[in-house]
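2 protein chains.
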Amino acid sequence: MRAGPARANTRYPKETELPEQLKSPQRGFTPAEFERRVARAQKIMRDHRLDALFVTAPPNIRYFTGFDSQFWESPTRPWFVVVPLEGAPIAVIPEIGAPEMALTWVKDIRTWPAPFPEDDGISLLKSTIEALPRRFGRIGAEMGREMALRMPVSDFLKLRDGLGSSIEDGSPCLWQIRMVKTEAEIAHIHYICQIASDAYEALPSQISVGESEREAVRKLRIDIARRGADATPFMPAISGLGGVPQIVCGPHDRQLETGDILFIDTGSTFDGYFCDFDRNYAIGKVSSEAERVHEALWLATEAGIAAAVPGATTDDVFRAMSRIIEDAGAIGNNVGRLGHGLGLQLTEPPSHRIGDGTVIVENMVLTIEPGMEYAPGKMIVHEENIVVTRDGSRLLTKRAPRELPIIR
Amino acid sequence: MRAGPARANTRYPKETELPEQLKSPQRGFTPAEFERRVARAQKIMRDHRLDALFVTAPPNIRYFTGFDSQFWESPTRPWFVVVPLEGAPIAVIPEIGAPEMALTWVKDIRTWPAPFPEDDGISLLKSTIEALPRRFGRIGAEMGREMALRMPVSDFLKLRDGLGSSIEDGSPCLWQIRMVKTEAEIAHIHYICQIASDAYEALPSQISVGESEREAVRKLRIDIARRGADATPFMPAISGLGGVPQIVCGPHDRQLETGDILFIDTGSTFDGYFCDFDRNYAIGKVSSEAERVHEALWLATEAGIAAAVPGATTDDVFRAMSRIIEDAGAIGNNVGRLGHGLGLQLTEPPSHRIGDGTVIVENMVLTIEPGMEYAPGKMIVHEENIVVTRDGSRLLTKRAPRELPIIR
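Here the protein sequences come in this chain order: C and H.
Numbering-wise, the numbering used here comes out as the position in the first sequence, counting from 1, plus 3.
Numbering-wise, the numbering used here comes out as the position in the second sequence, counting from 1, plus 3.
Calculated from the structure, these hints are not laboratory results.
A few of these clues could be false.
Heads up, the list lumps identical chains together, so a pair's fine if it works in one copy or across two of them.
[Stated by the list, open to error] Using 27 Å as the maximum straight-line C-alpha spacing, the simulated DSSO-like pairs for lysine-lysine come out as follows:
hint: 1; residue 1: Lys381; residue 2: Lys110
hint: 2; residue 1: Lys26; residue 2: Lys288
hint: 3; residue 1: Lys129; residue 2: Lys401
hint: 4; residue 1: Lys288; residue 2: Lys46
hint: 5; residue 1: Lys161; residue 2: Lys129
hint: 6; residue 1: Lys288; residue 2: Lys401
hint: 7; residue 1: Lys381; residue 2: Lys129
hint: 8; residue 1: Lys110; residue 2: Lys46
hint: 9; residue 1: Lys401; residue 2: Lys110
hint: 10; residue 1: Lys381; residue 2: Lys288
hint: 11; residue 1: Lys26; residue 2: Lys110
hint: 12; residue 1: Lys110; residue 2: Lys129
hint: 13; residue 1: Lys26; residue 2: Lys401
hint: 14; residue 1: Lys288; residue 2: Lys110
hint: 15; residue 1: Lys381; residue 2: Lys46
hint: 16; residue 1: Lys46; residue 2: Lys129
Next up, chain C with everything else stripped away, as it sits in the complex (with noise of 0.2 Å):
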């Protein structure tokens, strides 16, 4: 058992604690990789016969152009990204955006002064797609899975039956685009699963008996900013004797006990990208029974690590992790799927589940999530992040270790 001492006066680390500086990768991508996505994506765009896709949601706008701001935050404004057929991709935008657009690789970046309920940017935003070369009289919007439209659903109406091109739903076009990684974004990720992953190692060593869920997840959050982390939108956690009923809230006051694991996830964030993978410890010690659903759970992740080769289905990898899980007894999982994309979102296409049917290529960043509800209320689940690559796939997480790390 990998455990850490228990150090109750030791309330955050010190920095001469921190290991050796991970190498950064640089951030930002060069014009040229915008160029190289455009090209793609406007191949893709012919064969789903879109003339333009317009875009509005931050992890769309930052792929194409590589604007990056936490004004997300503030709906009040929309922001629109068109990217054409031919040519290059154009900002239309609130005045208050464009200083720093001005300093990504987009050239021809069109303004008005927001907020003005009235036209907030639907005129001119009209007015730029109409102007562009018309080949297949289709808009793609991005009106399906997995995506919002981050601006008023009655402006995107007033736009949609005012304009002379359909709009169609571009969201299956921008999935395909942004599903397969380039190298640049793939190191993004890598950093920062290496950055969580050194955290969670590091967090028995912070906690003790006692401490509450929230106490927990504030030491990691500040751990994982230390470490060079931007930012931390997800890290929920929960405690409970042997497993846990759920994995996607708290933390609460809940204050940990002998007997308890203690599940912890998070999408922290380093230039726009995300990690996405939990970690389980054991609180002093847990019982037999949920150090069997464990090892079972390590296997299981073993085999989804397997499976997830290029040519291989979701559904595949699926079934590689849900026949482990079967055979250890789960009476269920509310998750509903075991393992997902992830990039510039949290969760992205496609699912490990039957149906999804998705064929895996090279260079997908997956998730791989088996877990399981072994009795009422008790769940466990365990995740890793991957990249998949010509020989089969790579862990971008360092493994979690197999047996359970104990907090005294």
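With chain C held as given, fit chain H onto it using these hints.
Just chain H, lined up with the frame of chain C:
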């Protein structure tokens, strides 16, 4: 001038440097508070002739249910809450969220196994809405200003076209409900404002000339977390000689140089509620011109705070500030307004701008945010958060010092 000593060796503040613990408000809200919120909402819904509101966005779901999760970061599964004209809210949510929703005051929780792209909750939501009493034949949805529908638009249109009632823009109704805060909401916002005020005040002792914007942000993020904030979704920072070109992006790797203004803004949260205010720091020393503009903005803030009284309009508050800004020689301001509402969102209606016309009433929480560009690319922006009381307005933040704090 207030200035912290330069302490190049102190990379992070020590535990003992924290001020006396602020008194944290009780987390969450009582069932009685939610009953009052819903009763008031239902009166407003009647005025808007709506049989129900259905909401999908985290702040709206949290407002009516108290449900909290960082899982909103995953756009894969939609969540719905239906607030009928009579009776209690109904949650229509993915199975993965049921255990946590069961901990809220909501009793009627309906779930489906998600993700299930073939029908991700739409038929369940439809039957839930259709079973409600029909009086006006109108259902309100988040179709309008400063809101985004958190579900695929394709699914929304399918629902709309298949429903007996019409779906209307519910955002004017929702904003009328949320724009006026309860005492408990105000206590939450006050607490996070105090945490961020203290951290801003301590910043000059933690950073020095020559450090980067990015490092300044990292230290402030960590300090705000240590002081009790749950998260910091928004912390742009930028520096520039005598002023900054924009206020919503960054940090970058730019090093702080003598003569710079360092601008930092933050939307940090406690229990779901945001602060939203900035601070400016002089690096070494700044020009007398920058000091003059800083003084004018400090006075404009005073004027804005004094103008935000019950019965005044947001236009009046704008005018009170803009008069001083114009006199000080403003050549522009790409922000588009001089403050706004806040609460469960970083920015909410109303806006202090000409034409907004919102009548200010007791218990609105507002930012007072005068800013001006005084030379090309040189902008300075001040910001405080206030609550409107019967007798005027009360600061929720600790007022920024009249003289620029200096970082050495």
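Within, between, both or neither: lysine 288, lysine 46 at alpha-carbon 27 Å: Classified as neither: same-chain Cα gap 55 Å, cross-chain 54 Å, threshold 27 Å.
Checking an output row: lysine 26 and lysine 401, CA cutoff 27 Å. Within, between, both or neither? within (15 Å within a copy, 40 Å between copies)
Regarding lysine 401 and lysine 110, is the shortest C-alpha distance of 27 Å or less found within a copy, between copies, in both, or in neither? neither (40 Å within a copy, 42 Å between copies)
My question is about lysine 161 and lysine 129: at a cut-off of 27 Å on alpha-carbon distance, are they close within one copy, between copies, both, or neither? both (10 Å within a copy, 24 Å between copies)
Measure nothing new, just compare the shortest in-copy and cross-copy C-alpha distances for lysine 26 and lysine 288 to 27 Å and report within, between, both or neither. neither (36 Å within a copy, 35 Å between copies)
Go through the copies and call it for lysine 110 and lysine 46: within, between, both or neither, with a Cα cutoff of 27 Å. within (22 Å within a copy, 50 Å between copies)
When Cα atoms must be at most 27 Å apart, do lysine 288 and lysine 401 count as within-copy, between-copy, both, or neither? Answer is within: at 23 Å inside a copy they meet the 27 Å cutoff, but 47 Å across does not.
Pop the pair lysine 381 and lysine 110 into one bin, within, between, both or neither, using alpha-carbon distances up to 27 Å. between (54 Å within a copy, 23 Å between copies)
Alpha-carbon proximity context of lysine 46 and lysine 129, limit 27 Å: Result: close within a single copy only, 24 Å intra versus 38 Å inter.
Given a CA cutoff of 27 Å, do lysine 381 and lysine 288 count as a within-copy pair, a between-copy pair, both, or neither? Classified as within; 16 Å inside a copy, 59 Å across copies.
Taking 27 Å as the upper bound on the Cα-Cα distance, should lysine 26 and lysine 110 be classified as within, between, both, or neither? Neither, since 32 Å and 50 Å both go past 27 Å.
At most 27 Å between alpha carbons: which applies to lysine 381 and lysine 129, within, between, both or neither? neither (53 Å within a copy, 32 Å between copies)
Hint compliance for this structure: hints 2, 3, 4, 7, 9, 11, 14 and 15 are not met, and every other hint is.
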